[in-house]
Every structure is written in structure tokens, then in C-alpha cells.
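Colleague: The lines below spell out each chain.
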Amino acid sequence: MRRPTGGPVKVTVDGIPLDLPAGTSGIDAVFAAGRDVPYFCAHSYLSPVGACRMCLVEAGTPRKGKDGELEKDENGEVKIFYFPKPMASCTMQATEGMHIKTAATSEVVAKSQAGMMEFTLINHPLDCPTCDKGGACELQDRAFEYGYGASRFGFDRRHADKHYPLSDFVILDQERCIHCKRCVRYFEEVPGQEVLDFIERGGHTFIDTQEGGLPTGFSGNITDICPVGALLDNVARFRGRNWEYDHTPTTCTLCPVGCAITVDARNGRLERIVGRENRDVNEMWICDAGRFGHSFASEGRLTRPLIREDGKLREADWDEAMAAMNRGLAGVHPSHLGLFVAADSTLEEGVALERLAAQLGTGNVDHWPRYAAQLTAPTATLTDVAQADAVVVIGADLGEEAPVVELRILEALRGGILPTEFDHGTAIADLRLTERPARTPEKLAVIGRESGLWRHAGIRAASNGHNAVARLLRPDTDELRAALALLEGAKQPVVILGADVLGSGTEALAAQVSELASRTGAKVLAIPAGANSAGLAALGLLPRDGAAGYAGLGDAPAAFLSRLDPVGQGLGLPRGFTVVHDTHLTETAKRADVVLPAVTNYEKRGTTVNLEGRFLALEQAALEAGEGADLIRTLTALAGALGVRPGVRGLKSAQAALHERLGVRVDGLPERGALNLNVTRAAAPAGVPYTPQLWKPRMRPVTREGETWVERTRQLVEEKWALPMYVPQPVQPGGDD
Amino acid sequence: MANSDKAALYRQWVELLGWLEQEAAVRGLSTEKVADFPDYIYRMERPYDLPTTVMSVSVGRGGQALLVAAVSPRHVDLGGVSLRLMGGSKHWHLHAGEGGLLEGKRPFTRERLGALLDGALQGRSTLAV
Ligand code: SF4
Ligand code: SF4
Ligand code: FES
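Taken in order, these protein sequences are the chains called A and B. If you count by numbering that gives the first Met the number 0, then the first sequence holds residues 0 to 736, one letter each, in order. If you count by numbering that gives the first Met the number 0, then the second sequence holds residues 0 to 128, one letter each, in order.
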């Protein structure tokens, strides 16, 4: 646990004595005591501002008399001088000897909180039954817990614009906003974009943007942090109520960061993804692709095997597919079979593939995308990045390669303050985080092409990737000299390498990176090409014995491809019998001899290794996958068709094999995953160039036809404002209940 | 508010909605319903006697509201019609009069609405984008 340094202070909450790290906020003192205080505007990873006044407590401190001794009361006890008014506990520091009273012990606090609750609800629209946040709303919960449960307010409420799309992904309801400012602070403090703000003042205040919309990148996080239903996920709009979803905590595998996410499914469909906290990886933030790019998991899925008959693919069952594979592979020597898988396959799937390849005696195994270089410099973790005093990014477009790394870099630029951790979790209000934080762009150098990070960097050097590291070692421009000096002068420097460097990596690259690391003391974060390239490289799933690998696919006499689309990629088909295992009917699948339905990574149990070498668990969400199977089961079928009994037949045996192979136990990984920097990652020439692309075409949200939520008043005028359902009825005697 | 005033208020609101729709169209602006009365949506079997279900509408351009017009729900104390220029910090409060909506003592006419919309457009066009 990371705790701030500084001696403990003694604080008493509702009579409970506590020793807390210096600098603890009042609200965290209350939670540390196991007591509760309602709050809206405080948020663990944002600056506390005391806007909502919901977290009021009574607080007091001892006072020293003229003699320098603490003043005592008539009983000789240290006297506590209470502040004259209730204090916002989120912006108040708990100081030595402070006493805090919550609603549990103070009438004043209970009344203040109920009063604040009443204020906050005064202008709130009556939308709960149609509000997507309903059931998971902080305002509802706090009103239920701390409010009076009755309204004395007889006047009209605030009217403003509703269901107003700020972008394709985020929808705003200005009436529901309680002016907590979390979203505004988020944009300013986390991605460093000033795109959202309050407009007007007083009761008329509303949220809007002058930019004509929100930039795609990290905008979706505001839908997680808005305590009410003002900012909502437009992709998941009106799909289900919060309590109706099956929530599956798992790991995002769209890029190698491996953010913690929760997948919300309902009736077998993936309806929503929300961010989940992992302090060591993504803290609480995820990127827009990871959040909104999930439509493919429930749209246009392959649900049954297909086999080619008379030149056409027809639906079949797994037995028929196995028979077809048996016939098609009859003339092929097993050692000539190429086995190629997507680089986001799990470790378990990888080890099953490795075992089967060994049994078949084929060296033509590969995963894609991956890079050729094998680096030996010490690896930086994401926390190292956040706390670095110098960051040099070379040849990376983080927005396409590993978006959350960008947020961790920006965190370093605003001081690398990681909120304290308590037994009750991450600090609710860390007083070291400040609004409109000072940033230090001079700590960041970006070498390469222009990218989203470019404008945050104090040093910018245009360069093409392939010799960027070599040039940095022997700088020939002022910018490169400045970047090298930055690294050399820093205590905890980090170098981040992206696709432009790694993709064109020559053999010399590893040596250059090592030289740079040892010369400057920098740790190196090389962003792998695929979400689990690091894990699959650790398993050595690379072409051996002179085999050509994925790049030489066209020459393979027969091939099995799992979730790869070489035809769509312009690589062509293997010349012989082809089996494709995929979630969708890709261009390659359309030309394959046998197509086997796959499952997405949202539906897998298994393990992935992220860019820093952290083993993270995938859990299975309840999605409708028809007869889709993961790679382990599919390889078992392939082995069956070849008359081989596979060594790995299920998750358990895969995990046992992994333990044997890597010396790592992957069953029962801790919440935050397990960092393992000792696993060696094998490398081999890659052959196929790779341009990172975060949003794959399939991930674009589907606009559902005929779903418009905006009704034109014209229709109402033309229909003479007739009520659609109004039938005059006599009032029921006895009232209506 | 007396019941007869209420009836007048909602009659005049419906008239205003018609003006809004037409005056907006003349200026190439869109009109959208923003919200229905909660008291209509959640009324269950309780009787409902207002001439419209529409509580608020927006007049906008390019998807962004320029002006929001709203009327108070029927159970509200001191009810009236409100017009607000979004982002302009301008707010007009209208109440029911014998011959039509009143802005204080001044009759709120269709011409007056047109002038407000023209002003809104002018303000919009002078905004730095
Ligand atoms: S939109 Fe939500 S997060 Fe933003 S200020 Fe309003 S209530 Fe807070
Ligand atoms: S940064 Fe990467 S792992 Fe995180 S949500 Fe985005 S795509 Fe997923
Ligand atoms: S004032 Fe909002 S949480 Fe303290």
C-alpha cells in the first residue's frame, strides 16, 4: 500500500480514535473510522473542491492557551473548539487532535445533510423512471439515505435542454446536472482538455461545450463519474436498467494496456462497458474505444460452423466441420500445417496452441501483430510512467497504440500524485490534487510524428522512427540534444517506444535501447503490437526451424487461422486447405474451406499479459455466442480431426501447462494482476508490417434504425395537440392509489 | 392561480408553441420537444385536462438549443411560461393575461417573439466559434 510519508495524526471520529497519515482529508478520516458521509463532488482521482456541500460534518480542534498547553475544560479534559459552522469534510484537512462528528452523532450534521439534499433535489427533473442512471444513481441513493423523503418546494423547476448529444457517444441532460463539476474538472485535470464548462450562473447554470462537441479519446469517463444521469453513454442508451445487467469484471484487450472494465450484458447482448478501478493500470479511466467500441460483440456474429460444399459455404455442426477438416487435411503432413492466431489470444489459448504444435511437429506457429525486436532494458511500469521526472516518447501514437499510457504521462506532468490508499480504498479526497493543476511540459519530449501528445510536450522532435533511438544516442539537432539531456538529468526517467521504432526495428535496435537505458538510467516501456503479444512472446509462439510464420502464409500447404483476416489485410490466403476460426465472417473466412465460430475476449476466461508485464485475468461475460468456442476447444476439435489427442484440453489443464512452462500461477490472480518482469519474451522477424489502429472498422457503434428520441412539435401541431391517450373519466370514488 | 387563469395559461402556451414552430421555421431553425409534463407521464389513471402534454420545447440550430421555452406543470405555485436564451443569461417570465401572455404588464405578441429569435440569431452569429 502506498501511503504518504509524514507522521501520523491522531483524529477522533464519532468518538473512535484513529491514527491517520498527515494530510488526510476529513472525509477520508470518516471513512477510515468506518463511518459514512454522503458526497457528490469529491472523486478519488480529481481535485476536491467543496462544491456540493453534501459532506458536511461538525469538526473541532484543541487549542493552545497562553501557557502553550492545550486548553482543558472544567473536568480537566482537553477542550475541543468546534468550528462555528458545519465543515465540508472533503476540503478540510484532518489535523492533530481533531474531533469530527458525522450524522450518526450530530443532529446538526444530520439536519445539514438533509437540508443540502433538499436543495439538490429542488431543481431536479422528475426523470428517475426514464433515466438510464436510475438504480445506480448517487443522488437517488443519498436522497434515500440522508434526505427527509418529502418535498416542501411548490414552485416550478429549472427548465433547460435535455437529451442533447455532446458527441456520438455522450448524451447530456442539462436539467439533471447538479453542478458538481466533476466532468469539468475531469477534462481539465486528466486528459488536459478544456472542452466542457459551466455556462451562466446561479440557478441557470448549465453544462455545455463551445467546441461543438466532445473530442473522442477519453470522453466516456465522464459518463462513469457523473453522479447523476446528466451525462450518459449514448451507445448503451435505453438498453437496460442497471440492476438488469449481468456485471462481469474483466480486462479490456483492445490494446496492450489491459484496463480494468466491467462488461454489462443483458439477454446475451453486450450492452455497456464501464471503467473499473485498477490503481496500478488505468486507475479509473478507460479510453473511448474500450468503452464504446463493443458493438461487434453482439452484431453480426458467426454462431455456427460453416463448411465448403460445391464451392459454397454452408452451415454445419461441429461434427461435420471436424469431418471436413479430417478430409481436407488428409493429404497434408501435420508438420506442414501453419497455425496462426491473433495477438490478443489468452495465455491459456497460447499454451494450448504451443502444445498442439509440438505434438504435430510443426514449427510454423505465429501470432500477429507483433514486432521483431527483443529488448532487454529494464521495463517501466505504468506507475513508473506516472511518477517519472522525465518521459521521452519515441515513435509512438499513443492514441492508436495504448491510450491510457497518455493519461499516465499527463499524470506525471502534473506532479505524479497518486491518491493515497486506505483500508476503505483509494482516498475519496486527496488534498494534494488541485484544480487547474500546474503542469510541467518540460518533463516530456516527443520524438516522431505529430500525435495527440505532441501539444503537451515541452520538447518536440520530428523524426521517422527507424533510426530515432540511434539519433537520440548521438543527437544531431537541438531538440534531440534537449531530449537526451532531459533523460540524463532525471532521477527516474522513462523512455516509451512505439510502433514506428519497434515496427522497423533493426537488429541493432535492442543494443541501442540498452545503451540508452544504461547511459541514462531510464526504464523502457515498449508498447507491444497486440494486446497479449507480450504473453504470447513469453510462450515463444513464433515460427521455428526456418518456418516462414504469418508473413509466409501464402506458401503454407494448409493453415489454421484464429481471428486473423489476412485477405482483408491484403496478405492473401494460404495456398492449401484453410480453416478459419473467427467471430465474424471476414474476407478470409468467406474464402476458407472450414469456418469455425469463435468467441470474443469478452466471453473468455483466461489471462493476458499487458505492456508492463502484468498478468491480468479475463472473466466470461454472459453473451450469446451460439456454438462459438474459444481457441482451446477449437484446437481440441482440430486435433481430433487430425487424430491427435491434445495435451491441453481445457482451462484447468492450460493453467497447469502455463505453470510448468512459465513458472507463473494464473489461476486466482489478484484483482490488480501480478507483475512479472522475469518472463523472457522470445522474438523472431515479423515480416508483416503493422500500423496500429485502435478503432477497428467493426467496432463502430451501430446506429439502430428507427430509433429517434426527438419528437417534432410539428407533428403535435398537425395532430391539433390531441392527447394520444386522453379519455375523460369520472374521478374514482375513494381516490386512486 | 385561479383555475380560470390556469386554463388561460395553457391555452396561451399552446398558442405560443404554434408561433414558436412557425417563427423558427421562417428563420431556418428547428423546433424540438424537450419534455412532456411529468404530471402527464406519471399520472396513471388520474384525470388529465390540459390541452397539451408538452412542457418544454427548444428552438435550435445544428442540434444546439438557442432558446428553451417551458411552462410550469399544473400543480405548481406561481406558474407561468419561461423563455431562456441558452448561454445568453437572458430569461423572460410570462404569465397568463386576459388577451394573451403578458411580459409583466406588456403583452407578449408574436412580433415580440420574432424579435427575441432575431436577437438570439444575432447573438449567435457574433459569437466567436
Ligand atoms: S454533468 Fe454530471 S458530472 Fe458534470 S457537473 Fe453536472 S452532475 Fe456533475
Ligand atoms: S486503453 Fe487499451 S486496454 Fe484501456 S480501455 Fe482503451 S483499448 Fe482498452
Ligand atoms: S462538498 Fe461535495 S463532497 Fe464535499
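Since the hints were derived computationally from the structure, they do not count as laboratory data. Certain hints may be false.
Residues of chain B placed beyond 10 Å of chain A at every Cβ, according to the derived structure [said to hold, decoys possible]:
| no. | residue |
| --- | --- |
| 1 | Asp4 |
| 2 | Val25 |
| 3 | Tyr41 |
| 4 | Ser55 |
| 5 | Gly61 |
| 6 | Pro72 |
| 7 | Gly78 |
| 8 | Gly79 |
| 9 | Arg83 |
| 10 | Ser88 |
| 11 | Glu97 |
| 12 | Leu101 |
| 13 | Lys104 |
| 14 | Thr108 |
| 15 | Gly113 |
| 16 | Gly118 |
Examples of chain B residues lying across from chain A (beta carbon under 8 Å, computed) [unchecked claim]:
| no. | residue |
| --- | --- |
| 17 | Gly27 |
| 18 | Leu28 |
| 19 | Pro37 |
| 20 | Ser57 |
| 21 | Ala64 |
| 22 | Ala69 |
| 23 | Ser81 |
| 24 | His90 |
| 25 | Leu120 |
Note that the Cβ used here is the ideal one computed from N, Cα and C, for glycine as well.
Colleague: A separate judgement is required for each hint: does it hold in the structure or not?
Modeller: Evaluated hints:
1. Every CB of chain A lies more than 10 Å from the CB of B:Asp4, the least distance being 15 Å, so the non-interface label holds.
2. With a closest Cβ-Cβ approach of about 14 Å to chain A, B:Val25 is found to remain outside the 10 Å limit, as its non-interface label requires.
3. Residue-level check failed: B:Tyr41 sits 7 Å from the nearest beta carbon of chain A, not beyond 10 Å.
4. At roughly 5 Å from the closest C-beta of chain A, the C-beta of B:Ser55 falls inside 10 Å, breaking its exclusion from the interface.
5. Under the 10 Å C-beta cut-off, the non-interface status given to B:Gly61 relative to chain A is violated; the minimum distance is some 8 Å.
6. Some Cβ of chain A comes within 10 Å of the Cβ of B:Pro72; the nearest lies about 7 Å off, and the non-interface call is violated.
7. A beta-carbon of chain A is positioned within 10 Å of the beta-carbon of B:Gly78; the least distance is around 6 Å.
8. Not every Cβ of chain A is farther than 10 Å from the Cβ of B:Gly79; the closest lies at roughly 8 Å, contradicting the non-interface assignment.
9. Its beta-carbon lying about 7 Å from the closest one in chain A, B:Arg83 breaks the requirement of being farther than 10 Å from that chain.
10. Not every Cβ of chain A is farther than 10 Å from the Cβ of B:Ser88; the closest lies at roughly 5 Å, contradicting the non-interface assignment.
11. With a cut of 10 Å on Cβ distances, B:Glu97 stays outside the contact zone with chain A, its closest approach being about 22 Å.
12. Distance check for B:Leu101 against chain A: the nearest CB is about 17 Å away, which clears 10 Å, and the non-interface claim stands.
13. Look at B:Lys104: its CB is around 21 Å from the nearest CB on chain A, clear of 10 Å, so calling it non-interface holds up.
14. Consistency note on B:Thr108: stated as away from chain A, and its beta-carbon is indeed over 10 Å from all of that chain's, at 19 Å minimum.
15. Look at B:Gly113: its CB is around 17 Å from the nearest CB on chain A, clear of 10 Å, so calling it non-interface holds up.
16. With a least CB separation of 17 Å from chain A, B:Gly118 remains clear of the 10 Å interface cut-off, as annotated.
17. With 8 Å as the threshold, the beta carbon of B:Gly27 stays out of range of chain A, its nearest partner Cβ sitting at about 14 Å, so the hint is violated.
18. Given the 8 Å rule on beta carbons, the hint for B:Leu28 is violated: about 12 Å separates it from the nearest Cβ of chain A.
19. With 8 Å as the threshold, the beta carbon of B:Pro37 comes within range of chain A, its nearest partner Cβ sitting at about 4 Å, so the hint holds.
20. Proximity of B:Ser57 to chain A holds as hinted, the smallest CB-CB distance being about 5 Å (cut-off 8 Å).
21. Here the hint on B:Ala64 is kept, as its CB sits about 4 Å from the closest CB of chain A, short of 8 Å.
22. A hinted interface residue such as B:Ala69 counts as satisfied when its beta carbon comes closer than 8 Å to some beta carbon of chain A; here the least separation is about 3 Å, so the hint holds.
23. Interface restraint check: B:Ser81 against chain A, minimum CB-CB distance 6 Å, threshold 8 Å, status holds.
24. The beta carbon of B:His90 comes within 7 Å of a beta carbon in chain A, closer than 8 Å, and the hint placing it at the interface holds.
25. For B:Leu120, the interface hint is violated, the least distance from its beta-carbon to any beta-carbon of chain A being 17 Å, above 8 Å.
Going through the hint list in order, the structure does not satisfy hints 3, 4, 5, 6, 7, 8, 9, 10, 17, 18, 25.
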